[in-house]
Each structure stands twice: as structure tokens, then as C-alpha cells.
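Peer 1: Please model the complete structure; the sequences and the hints are all you need to start from.
Here is what each chain is made of, one letter per residue.
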Amino acid sequence: MLSTEEFRAFAKEVVPFLHVTSRVEGETYPDLLSEKGGRGFPHLVAMDAGGEVVAGLEDRTVEGFRAMMKRAGEFETLLAKKDRTPAEEVRYLAAEIRLGRVKADAARARAAALKGLAEAAKKELDGLLLGLDIRAILDGIKDPAARLAAGRAFAEMWAAGRVPGGDDAGFQPFFVIMLDHAEAVKDAALFEKALGKMREKLGSEPRAAGFFKKNDERLAKLKEAKEPEPPKEEGK
Amino acid sequence: MRRLVSAVVAGSLLCAAAASAAAQQAPPTQEQLKERLAGKVAEAWVKDGGWVTDYDKARADAKAGGKLLFTYFTRSYSP
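Line by line, the protein sequences give chains D and F.
Per this note's numbering, the first sequence runs over residues 1 to 236.
Per this note's numbering, the second sequence runs over residues 1 to 79.
None of these hints come from the bench; they were simulated from the model.
There may be inaccurate statements among the hints.
[As the list claims (entries may be wrong)] The list that follows gives simulated cross-link-like pairs (lysine-lysine, DSS-like), each with its CA atoms no further than 27 Å apart:
1) D:LYS82 / F:LYS63
2) D:LYS70 / F:LYS67
3) D:LYS186 / F:LYS40
4) D:LYS36 / F:LYS47
5) D:LYS81 / F:LYS63
6) D:LYS201 / D:LYS214
[Said to hold, decoys possible] Incomplete in silico selection of chain D near chain F, CB under 10 Å:
7) GLU25
8) ASP48
9) MET68
10) MET69
11) GLY73
12) LYS142
[Claimed, not checked] Covered stretches of chain F, as calculated for chain D (at least 3 residues, CB under 8 Å):
13) 36-43
14) 61-69
Backbone N, C-alpha and C define an ideal beta-carbon position, used for all residues, glycine too.
Peer 2: Listed below in C-alpha cells is the structure:
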């Protein structure tokens, strides 16, 4: 994709900057990836001339690159604007949440202060705030016990109707970690429900077949363990 | 969707395989790392793509041209 004419045309609209982490001694900016919020390779973002991340990638196509740069330009405009309308304030907050520029509590307070929001805007902010909460829980996982506690927290969030969509970044860890919790507390029903939710989104993917086979086996074992003992015959 | 599947399926299996392979290999020398970097920037998509690989120059170009940086992070130390 990066070798196509379509990409070359796009590259003329921007400054295409390639950062290669080499681990060669003396390399300049060896930690730039992590400084800009990257956790793995490849990582693509839009940055302004000061090196600040102003948009992240959502779709890895040239069209997606253009959309990211468009969002980056819009964010720059909103950032520079002093008197934002309520609608602009929503877009500005949403962009800041997506970029990880605002913590969950602060984002929640700012969202609560926005009055008269349209239903769609409210829904978008709720989804983004949920994503922040999930991220905060994931960041607190330092050992197996914390992982199980996170799974329990996710199960409680789900029971309260707070669940990430299939295309949200938090969807996969939310349910995978919940499976571990369900197994630990021997809750076959929760395990089955969480696995079913994952199957709805990923079940048709051939590459996920091994994952589902393995977890179907875990579920079967959980169910076996829960099989009630046959009633004892009376009089014996 | 592809990212989710990768995380789910490849996450556990490939990490274990990679960890095992890495444990068996000695870390690359500085010479090898330099060769790998040279190889990466010599790849056709880099060479012909007009990429700026100097961060300071990229920011200066963006400032001068009133443009944004389209930033691609990759690595050369490992395949």
C-alpha cells in the first residue's frame, strides 16, 4: 500500500515522516514511539509541526490516512479556537479522549458540564468514557490476581449495561479477561455468555478458530464440573 | 476487526513462539543492527516514498510548509 501511486499522491499533501527504531547506539529519539503513545509496530499517527500527536489512525488504507489527516486538521482548528460552540466542544472533547490527552475523571466532569447534547453526541461520549474506564482497569493489571479482579469489574460493568462495541479497542480484552474471571469463579453461564459475545463478532473469522476451540473446551470443563450429582436413592 | 482477531488468536500463540525463539538466539551485535537499519531504509517503499527519516527535519518541513506530519513508526532491529 505504501508503494502505490495513490499513496505517493497522498504523501505530497503531508510531510511523510518515517521513524525507524533501530537500537543502534547513538540513534536519535530512540523512545519516540512510546513518547507518542505507541505500544507496538507499526504505529501511525498524525503530528503537528511541534511533534504533538493530533490524530490517530482508524483505518489502514490510504483513504483512512486521508481521514486521519482531516481529523488532525480539524483538531488543530478546534485547539486554536477560543470560543467553541457546544457541538465543537463535544468534538474537541471526543478528540482529546481518543488521543489520550485527558484522564477519565476529568473527561467525565467535562462531559457532564456539556448541556443540551444531541442523543448521538451523548452516545459517542458515553462510548468513549467507557473506553477510558476499561483502559484504566487494564492499566491496573500487574499480576494474576489483579487480572481476575479486572475480569470481575468487567462482568459488573456488563451487568450494568456498559459494554464496548465489537469495533471498539477495548472489546477484546474486556471479554477475554472476563473469561478468566468466569473460569476462576466457576461461573459457566457467564463464561458461555462472554464467549458467545466474542463469537458474534469473531466467530466467522477462520483465524479465530483455534481461540474458540480452546475456549469451548474450557467451557465444557466448567460445565462438567458443575454437573449436579445424581440424587441418592431413598432408604439407603 | 483484523486487529482484534490478531490480538485474540496470534496474541497468545505467537508470543509464546517468539519468546521461545528469542531465548535461543543471541542478541544482535551493533554491526548487525546497523546492517538491518541500512537494509530497512534501502527498501523500495522507503527509498521511493519520499519519506523524511530525520525527526527535526520533518518538523521543520512541516512548519515551513504549513503541513502536518504523517508519521509511520517501524523498526529495523527485528523482522
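Peer 1: With reference to the structure, classify each hint as holding or not holding.
Peer 2: Tested hints:
no.	hint	in the structure
1	D:LYS82 / F:LYS63	22 Å, holds
2	D:LYS70 / F:LYS67	12 Å, holds
3	D:LYS186 / F:LYS40	50 Å, violated
4	D:LYS36 / F:LYS47	24 Å, holds
5	D:LYS81 / F:LYS63	19 Å, holds
6	D:LYS201 / D:LYS214	17 Å, holds
7	GLU25	6 Å, holds
8	ASP48	6 Å, holds
9	MET68	8 Å, holds
10	MET69	6 Å, holds
11	GLY73	7 Å, holds
12	LYS142	18 Å, violated
13	36-43	holds (count 4)
14	61-69	holds (count 7)
Checked against the numbered hints listed earlier, the structure breaks hints 3 and 12; every other hint is satisfied.
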